[in-house]
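**Q** Given next are the chains, with one letter for each unit.
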Amino acid sequence: MKKNQLIALLVFIVFFASCKNEKAEEEPTPVPPASSMTLKVSYEVDGISLVYDSLMYSNAAGNNYSVYMLQYFLSQISLIKSDSSKVLMKDYHYFDATIASTNQFTIENIPEGGFIGVSFNIGIDPAHNITGALPNNTNNNNMEWPEPMGGGYHFMKFEGHFLNVTGDTLYGFNMHLGKNENLVKVEIYAPVYFNHGNFIYNMTMNLNEWFKNPYTYNFNTDGNYTMADSLAMHKISSNGTDVFTHH
Amino acid sequence: MKKELCYLAAAFFLVLIYPSCKKDNKTNEVPVVPYTPTPYQLKVPAGFPQPVLPDFNPLTEEGVRLGRMLFYDSIVSSNGLRCASCHDAQKAFSKGIFVLGGENISVPPLENLAWNPDFEWFGQVNALDHVPIGDFTPDFFNPNMDTLVRRIKNHPQYPTLFYQAFNVSDVGAITHDELKYKISYAIIQFVRTLISSNSKYDRFVKHQVILTPEEMDGYITYYTEKGDCFHCHGSILLTSNTYNNTGLDTVFTGQNQGRYLVTGNPNDIGRFSAPSLRNIELTAPYMHDGRFQTLDDVVEFYNSGVHLNSLNIDPLMTKPAKLNGLQLTVQDKANLIAFLKTLTDTSFINNPDFLPPH
Numbered sequence: 001m002k003k004n005q006l007i008a009l010l011v012f013i014v015f016f017a018s019c020k021n022e023k024a025e026e027e028p029t030p031v032p033p034a035s036s037m038t039l040k041v042s043y044e045v046d047g048i049s050l051v052y053d054s055l056m057y058s059n060a061a062g063n064n065y066s067v068y069m070l071q072y073f074l075s076q077i078s079l080i081k082s083d084s085s086k087v088l089m090k091d092y093h094y095f096d097a098t099i100a101s102t103n104q105f106t107i108e109n110i111p112e113g114g115f116i117g118v119s120f121n122i123g124i125d126p127a128h129n130i131t132g133a134l135p136n137n138t139n140n141n142n143m144e145w146p147e148p149m150g151g152g153y154h155f156m157k158f159e160g161h162f163l164n165v166t167g168d169t170l171y172g173f174n175m176h177l178g179k180n181e182n183l184v185k186v187e188i189y190a191p192v193y194f195n196h197g198n199f200i201y202n203m204t205m206n207l208n209e210w211f212k213n214p215y216t217y218n219f220n221t222d223g224n225y226t227m228a229d230s231l232a233m234h235k236i237s238s239n240g241t242d243v244f245t246h247h
Numbered sequence: 001m002k003k004e005l006c007y008l009a010a011a012f013f014l015v016l017i018y019p020s021c022k023k024d025n026k027t028n029e030v031p032v033v034p035y036t037p038t039p040y041q042l043k044v045p046a047g048f049p050q051p052v053l054p055d056f057n058p059l060t061e062e063g064v065r066l067g068r069m070l071f072y073d074s075i076v077s078s079n080g081l082r083c084a085s086c087h088d089a090q091k092a093f094s095k096g097i098f099v100l101g102g103e104n105i106s107v108p109p110l111e112n113l114a115w116n117p118d119f120e121w122f123g124q125v126n127a128l129d130h131v132p133i134g135d136f137t138p139d140f141f142n143p144n145m146d147t148l149v150r151r152i153k154n155h156p157q158y159p160t161l162f163y164q165a166f167n168v169s170d171v172g173a174i175t176h177d178e179l180k181y182k183i184s185y186a187i188i189q190f191v192r193t194l195i196s197s198n199s200k201y202d203r204f205v206k207h208q209v210i211l212t213p214e215e216m217d218g219y220i221t222y223y224t225e226k227g228d229c230f231h232c233h234g235s236i237l238l239t240s241n242t243y244n245n246t247g248l249d250t251v252f253t254g255q256n257q258g259r260y261l262v263t264g265n266p267n268d269i270g271r272f273s274a275p276s277l278r279n280i281e282l283t284a285p286y287m288h289d290g291r292f293q294t295l296d297d298v299v300e301f302y303n304s305g306v307h308l309n310s311l312n313i314d315p316l317m318t319k320p321a322k323l324n325g326l327q328l329t330v331q332d333k334a335n336l337i338a339f340l341k342t343l344t345d346t347s348f349i350n351n352p353d354f355l356p357p358h
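Protein chains in written order, with our numbering: chain A, 1 to 247; chain B, 1 to 358.
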């Protein structure tokens with residue numbers, strides 16, 4: 001390298017260094033990083049962790065069943081302040097219980113402070129429960145509730161098999177929820193305090209809670225298929241308010 | 001000094017140094033044609049989600065051009081076969097039955113594959129880019145790789161295209177495996193451009209046309225509990241990309257074991273990839289083994305032929321309304337088929353960009 005090039009290079013380096021200095025001076029003193037919250041969902045059936053396609057569970061009505069698929073949305077995920085007002089943290093999230101990466105998400109930039117609980121809907125809130133209102137991606141599209149049936153989205157697809165009443169034939173069950181009147185509103189009261197750093201909020205869905213309290217749901221008598229059966233959907237959605245627990 | 005001004009000055013100095021540094025270099029190995037592939041912009045149709053494209057095989061104009069030539073060229077085989085032998089544009093890039101190991105396999109169409117998560121009837125292959133690797137086997141192209149290299153080198157266009165698409169100036173200087181991958185990658189770049197989005201159904205969804213009363217009735221059967229086709233063949237891509245046992249069989253041997261052959265999970269016995277029903281009118285025969293010749297046969301199967309006692313039967317198939325068959329009338333069935341035919345996209349099969357290059 002020739003001498004004049006070397007000088008040019010040196011000047012360049014000096015300039016670059018000064019760029020950096022200047023930048024630091026211009027910026028205001030950084031505020032301490034805000035908190036974040038990672039919400040993690042796990043699944044169980046009355047304390048037994050979820051294993052797919054295995055006829056090992058029994059619900060309150062005594063149906064012997066297995067689980068094949070569990071996909072659902074949470075929406076309007078909010079923190080509840082002590083005055084009962086809610087701070088919306090995330091519009092919606094899609095869960096597929098079989099795909100680990102979908103079963104947690106992180107909310108950034110939570111200001112320091114305390115909250116008395118967490119609230120959300122299982123399903124999509126009415127303002128977005130219109131076909132095409134959610135971002136266009138394969139997960140959302142597969143949850144579409146057909147236009148000829150009113151449009152919007154499936155709130156949940158919970159599917160599996162059960163032994164019929166005579167105990168000799170395996171039938172499928174499809175607990176599908178949709179339609180605004182079946183939105184499940186959940187509030188979990190347990191104080192959370194944010195003071196920098198990441199806070200992990202663990203929740204468990206107990207699948208058996210879908211089948212009891214207030215309605216003991218029996219696949220043989222209440223129906224093994226809920227879609228387009230408004231009474232069946234009403235029972236399942238009413239049972240849904242306490243499927244989640246925080247621990 | 002302002003931050004922007006400062007970076008500008010720095011950039012200026014860099015420009016000053018760079019050419020003078022280069023002058024010190026003695027050898028000049030810049031090729032005659034510079035390697036500057038042009039990114040290919042995949043046109044995502046209105047209403048379609050964004051496809052997930054792999055970083056390892058980015059679409060380029062040159063790659064798509066090379067791939068299109070190779071797709072239609074039997075240079076890749078020792079037996080005259082080429083992709084187009086089994087993937088015929090007029091049949092939405094499908095073609096009847098292929099017999100492998102004494103078993104029938106229905107050749108699937110090639111359409112909108114940029115949106116699929118996995119491929120083939122049991123989801124054997126996870127990356128679309130790797131599907132053609134399976135074609136370099138004795139059952140398919142059975143190529144002699146040395147001959148293939150020689151043919152490509154002697155070809156008037158391929159050497160330049162391989163350079164422009166992949167920076168490979170001599171296909172003889174890379175390994176045979178590398179060459180197979182380059183060929184596959186180029187062909188798949190072309191396959192990713194095979195997008196069908198202009199059927200009558202697409203235009204109906206966009207409120208540009210109305211369906212006939214028969215088609216509309218079929219649409220309602222399809223998209224309600226009456227026929228319940230939408231759970232597995234729904235939304236704009238007309239597939240849920242799931243694996244399901246629809247109750248075609250009760251005994252499972254060979255290919256009929258389906259997804260189980262990939263996962264080894266007994267719960268996957270009899271489960272098959274739910275295909276998109278786009279262009280279904282053109283892709284007979286139907287099902288993984290092509291057992292049904294016509295759409296009437298398929299609809300009659302869903303109407304009255306489902307084996308409810310099949311192992312791992314999909315939960316959707318045992319709804320109360322289905323336990324005694326769908327109970328569709330002759331008119332219901334005809335209308336459902338009329339609707340299925342609105343999924344045919346003639347502008348797709350006649351798109352000049354998808355036909356053999358001249």
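Just so you know, the hints here were simulated from the structure itself, not pulled from any lab data. Fair warning: there could be bad hints in the mix.
[Stated by the list, open to error] The calculated lysine to aspartate or glutamate pairs, modelled on EDC-like cross-linking and capped at a C-alpha distance of 16 Å, are:
| hint | chain 1 | residue 1 | chain 2 | residue 2 |
| --- | --- | --- | --- | --- |
| 1 | B | Lys319 | A | Asp229 |
| 2 | B | Lys43 | B | Asp353 |
| 3 | B | Lys226 | A | Asp229 |
| 4 | B | Lys333 | B | Asp249 |
| 5 | B | Lys319 | A | Asp222 |
| 6 | B | Lys206 | A | Glu147 |
| 7 | B | Lys333 | B | Glu281 |
| 8 | B | Lys333 | B | Asp289 |
| 9 | A | Lys40 | A | Asp96 |
| 10 | B | Lys226 | A | Asp222 |
[What the hints assert, rightly or not] Taking beta-carbon pairs under 10 Å as the criterion, some of the chain A residues facing chain B (in silico):
| hint | residue |
| --- | --- |
| 11 | Ser54 |
| 12 | Met56 |
| 13 | Gly132 |
| 14 | Asn136 |
| 15 | Pro146 |
| 16 | Met149 |
| 17 | Lys157 |
| 18 | Ala228 |
| 19 | Asp229 |
| 20 | Leu231 |
| 21 | Thr241 |
Since we're looking at a predicted model, the values are computed, not measured. Just so it is clear, CB atoms sit at the ideal spot from N, CA and C, and this is done for glycine as well.
**Q** If a hint holds in the structure, say so; if it does not, say that too.
**A** Outcome of the hint check:
A distance of roughly 12 Å separates the Cα atoms of Lys319/B and Asp229/A; the hinted pair therefore holds under the 16 Å criterion. About 13 Å separates the Cα atoms of Lys43/B and Asp353/B, which keeps this hinted pair within 16 Å; it holds. Between the alpha carbons of Lys226/B and Asp229/A the distance comes to roughly 13 Å, so the proposed pair stays at or under 16 Å and holds. Restraint check: the Cα-Cα separation between Lys333/B and Asp249/B comes to about 22 Å, which exceeds 16 Å; the hinted pair is violated.
Only pairs whose Cα atoms come within 16 Å are accepted, and Lys319/B paired with Asp222/A is accepted, the gap being roughly 13 Å. Proposed proximity of Lys206/B and Glu147/A is supported: the alpha carbons are some 13 Å apart, at most 16 Å. Taking the CA atoms of Lys333/B and Glu281/B, the gap is near 15 Å; set against the 16 Å cutoff, the hint holds. With a C-alpha separation of about 23 Å, the suggested pairing of Lys333/B with Asp289/B is violated against the 16 Å cut-off.
Pair hint Lys40/A plus Asp96/A holds up; C-alpha atoms about 13 Å apart against a cutoff of 16 Å. For the hint linking Lys226/B to Asp222/A, the alpha-carbon distance of about 20 Å lies beyond 16 Å, and the restraint is violated. Here the hint on Ser54/A is kept, as its CB sits about 8 Å from the closest CB of chain B, short of 10 Å. Hint on Met56/A is violated. Least Cβ distance to chain B is approximately 13 Å, over the 10 Å limit.
For the restraint placing Gly132/A at the interface with chain B, the shortest Cβ-Cβ distance is roughly 8 Å, inside the 10 Å limit, so the hint holds. With a cut of 10 Å, the hint placing Asn136/A at the interface with chain B holds, because the nearest CB-to-CB distance is about 5 Å. A hinted interface residue such as Pro146/A counts as satisfied when its beta carbon comes closer than 10 Å to some beta carbon of chain B; here the least separation is about 4 Å, so the hint holds. Hint on Met149/A holds. Least Cβ distance to chain B is approximately 6 Å, under the 10 Å limit.
At a threshold of 10 Å, the smallest CB-CB gap from Lys157/A to chain B is about 8 Å, leaving the interface hint in force. With a cut of 10 Å, the hint placing Ala228/A at the interface with chain B holds, because the nearest CB-to-CB distance is about 5 Å. Hint status for Asp229/A relative to chain B: holds, with the closest Cβ pair at about 9 Å, below 10 Å. A least Cβ separation of about 14 Å between Leu231/A and chain B goes past the 10 Å threshold, and the interface hint is therefore violated.
With its C-beta approaching chain B no nearer than about 25 Å, Thr241/A sits outside the 10 Å limit, and its interface hint is violated.
Comparing the model with each numbered hint stated earlier shows that hints 4, 8, 10, 12, 20, 21 do not hold.
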